[in-house]
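A.B. asks: Chains as they are written, first to last, in my numbering: chain A, -18 to 490; chain B, 195 to 442.
In case anyone wonders, no lab produced these hints; they're calculated from the structure.
One or more of the hints may lead you astray.
Stated by the list, open to error - Per the computed footprint, the stretches of chain B lying under chain A, defined by three or more beta-carbons under 8 Å from a beta-carbon of chain A, are:
{"#": "1", "region": "246 to 260"}
{"#": "2", "region": "269 to 275"}
{"#": "3", "region": "280 to 293"}
Said to hold, decoys possible - From the structure, some residues in chain A lie toward chain B, with a derived Cβ separation under 8 Å:
{"#": "4", "residue": "Arg128"}
{"#": "5", "residue": "Arg132"}
{"#": "6", "residue": "Thr139"}
{"#": "7", "residue": "Val141"}
{"#": "8", "residue": "Arg286"}
Claimed, not checked - Estimated spans, in silico, between C-beta atoms of each pair:
{"#": "9", "chain 1": "B", "residue 1": "Gly259", "chain 2": "A", "residue 2": "Ala134", "range": "53 to 63 Å"}
{"#": "10", "chain 1": "B", "residue 1": "Glu324", "chain 2": "A", "residue 2": "Leu(-10)", "range": "54 to 64 Å"}
{"#": "11", "chain 1": "A", "residue 1": "Arg353", "chain 2": "B", "residue 2": "Glu324", "range": "35 to 45 Å"}
Positions of the beta carbon are idealized from the N, C-alpha and C atoms, including for glycine.
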Amino acid sequence: MRFKGVAKLALIIVVWELLVLSAAPNVLLAGPSDILRHAFDNAGLLARAALETTGHAALGFLWGNLAAILLAALILLVPRAEGVISSLALVVFSLPLIATGPILRALFGPGDGPQITLAGLAVYYTTFLAVIVGLRAVSESWIDLMRVYGRGAWTTLTKVRLRASLPYLFVGLQIAAPAAFLGAMIGEFTGAERGLGVLTLRAMRALQTEATWTLAVLSAGIAMAGYAGLGWIGARLFGGAPPLLLFAPRSRPARHAAAMAVETLGVVLLILLLWHGLMEVLGLNQFFAKRPLDVFGFLAQQPARATLLGALGQTLSFAFPGYVLGLALGAGLAALIVLFPPIERATLPVAVALRAVPIITTAPLFILALGRGFAGTVSVVAVMTFFPTFVACLQGLRQAPGQVTELFASYGATRTRLLLSAQVPAMLPAFFASARMAVPAALLAVTTVEWLATGNGIGVLMALTASTSDYNMLWSCVAALAVCAAAIYGFVGLCERAVLSRYAPEQLA
Amino acid sequence: MPGVEIELEDVSKSFGATAALAPITRRLRAGQTTALVGPSGCGKSTLLRMIAGLEHPDSGIIKLGSEKPSTMASRGALAMAFQDPSLLPWRTVRANITLGAELAGTVDPQVDALIDLVGLTGFGLHRPAELSGGMRQRAAIARALVSEPEVLLLDEPFGAVDAITRSRLGKELPPIWRGRGTTAVLVTHSVDEAVQLADRILVLTPRPGRVVADIDVDLPEGGDGRDVRERVFRDLAGQVLDALEKAA
Chain A
-18 MRFKGVAKLA
-8 LIIVVWELLV
2 LSAAPNVLLA
12 GPSDILRHAF
22 DNAGLLARAA
32 LETTGHAALG
42 FLWGNLAAIL
52 LAALILLVPR
62 AEGVISSLAL
72 VVFSLPLIAT
82 GPILRALFGP
92 GDGPQITLAG
102 LAVYYTTFLA
112 VIVGLRAVSE
122 SWIDLMRVYG
132 RGAWTTLTKV
142 RLRASLPYLF
152 VGLQIAAPAA
162 FLGAMIGEFT
172 GAERGLGVLT
182 LRAMRALQTE
192 ATWTLAVLSA
202 GIAMAGYAGL
212 GWIGARLFGG
222 APPLLLFAPR
232 SRPARHAAAM
242 AVETLGVVLL
252 ILLLWHGLME
262 VLGLNQFFAK
272 RPLDVFGFLA
282 QQPARATLLG
292 ALGQTLSFAF
302 PGYVLGLALG
312 AGLAALIVLF
322 PPIERATLPV
332 AVALRAVPII
342 TTAPLFILAL
352 GRGFAGTVSV
362 VAVMTFFPTF
372 VACLQGLRQA
382 PGQVTELFAS
392 YGATRTRLLL
402 SAQVPAMLPA
412 FFASARMAVP
422 AALLAVTTVE
432 WLATGNGIGV
442 LMALTASTSD
452 YNMLWSCVAA
462 LAVCAAAIYG
472 FVGLCERAVL
482 SRYAPEQLA
Chain B
195 MPGVEIELED
205 VSKSFGATAA
215 LAPITRRLRA
225 GQTTALVGPS
235 GCGKSTLLRM
245 IAGLEHPDSG
255 IIKLGSEKPS
265 TMASRGALAM
275 AFQDPSLLPW
285 RTVRANITLG
295 AELAGTVDPQ
305 VDALIDLVGL
315 TGFGLHRPAE
325 LSGGMRQRAA
335 IARALVSEPE
345 VLLLDEPFGA
355 VDAITRSRLG
365 KELPPIWRGR
375 GTTAVLVTHS
385 VDEAVQLADR
395 ILVLTPRPGR
405 VVADIDVDLP
415 EGGDGRDVRE
425 RVFRDLAGQV
435 LDALEKAA
């Protein structure tokens, strides 16, 4: 088994090398030998940068996960706060990290603060979801047992829920490891002095192909090592593979439209109050720490509004096709695998492994290969959306109960009929959940590519305003992206409800 | 600890617009085993859960001795074996069985004897995932018995157990709780099981459940007294079946 793995890896390396050797000279590719040579020549620099970035990621991992566990525990102890806490957590998660970076840089100044904070922000939401799911993944009869023993919520929490949640927490931590690395790198993109992100930015701008490839491979390798290491520990501690946790829990049951509108309005007001309150309490200088009213006032003026909306339009025109393409490819390949199972052996291990790679760290490679225009940007967004959608949809397609599958088989139904009538309805919640989670990911991808390379869209506007200290525009960009992410997330949620109520109403029960 | 009388006075329960249980008034005698028998959905498990304090009645009063169910539970004097074994997967069989004692801060000296009795000798340090469904169910019954409760509630405890083990447990376990004077309430679909295990059988009608027959089981414990092949046993089982058919 191990030998097969090594042989496959060797084959990939050989094919890669041959591809590079046979590629046209204007294609910006680097092969394994180029990467090894560059890494050997710059070993000291790369080691120092890797250590720096890994340190930031580790600290962010620690703080972000701690915050996630505390938030989840708070929800369990104060169930009424769940709506507000979950909404706030989601809004903060929806902020593309590349948008938050310059703001943090302005607030923290030079130093490690933004990198660590971004690493924390990158991990807290998935761990929060994992812990919430884990704390609730207890059998009703275990709770009944505690009650029959005359024990209350505290004993149930300490004796049952916490222990039951550990495998889920570990899955969350596993997903968080590459995410923390991604956060730290994005923090470094936005104005740090050291680290792999800084080197990547320099290599990109100088069109140093070998350096860019070496940095991407090194970053992806460290992130994947974190993912694999935590997975190995989890499997040893809890026996076998821990449960797959790919998406957020289903939306809460349908409520009256007016009640939803009031709740949404309440959350928006709370966010604005928290934003304003935090700036005031911390006594942050209004020159760089803008309040909600500053942003409203700024956006009331032209040409600021037109500039912002124009850039946002450009960004969305790249993000939307990539997002839809990634979703379609993810769901399509998953369906194809169900129809033709042998494909799975070739694709699934690669997809699961690549799910751990912070795609953004490899974005420079796409740009080198496909250019700085539409194709390069859309590809990065599509790849960012594809992997989680693919793995979630494949898992969703297998949610169809075995007895239903056997029933179809007993009627002599074709695989296509089984897929359309039983497996696709079972897959829909997983598809929509990953479609919701992919919204911030797609915006992060497009804004990062814009920031790094393309010269278009709101990513570039943020880069420019950060360097010219135009904080009104910078904060407006961040607010616009947050509103955009929340609106698209909400729209996908509405589509989910409409589709499920028509094609899989039992999934809404 | 000797058992206490269970008093049900005008106890009823509905779930939304569905009436699960019509008002029931009965006294379940201390130290006796009472079986609740009836068709699916007649409210027998609901009644058991109300006696355990897991559900609250819409009307009426439930008293275990002089206490409310929750008070008795907080003393650790109540135990229940569920339809699903409900073993905590991360604890060993032994640690699952001693969970109640651990929560009560006591150490039970008879746990090993009980593990032997339920046929789990040598499995004390195994995890639930390493046991068969029947073995898990036996561990759950041992967990309910080990704390020597005053009131023991059994919700279809032998549902997942094979016929031979069921027969063996049916002979070996009741003497344990009877010997301690425990008051036991058993929910079961099986008429034979009710006759084999109980001193008294309450037959319930389809939803909303009402008691239509209250039958004393006057069969000797031990020997062949409760052997399903004996004529007296079959006569009594026939009587319960007649009551069930009439109720339907």
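A.B. asks: List, from low to high, the hint numbers that the structure doesn't satisfy.
C.D. replies: Failing hints, ascending: 6, 8, 9, 10 and 11.
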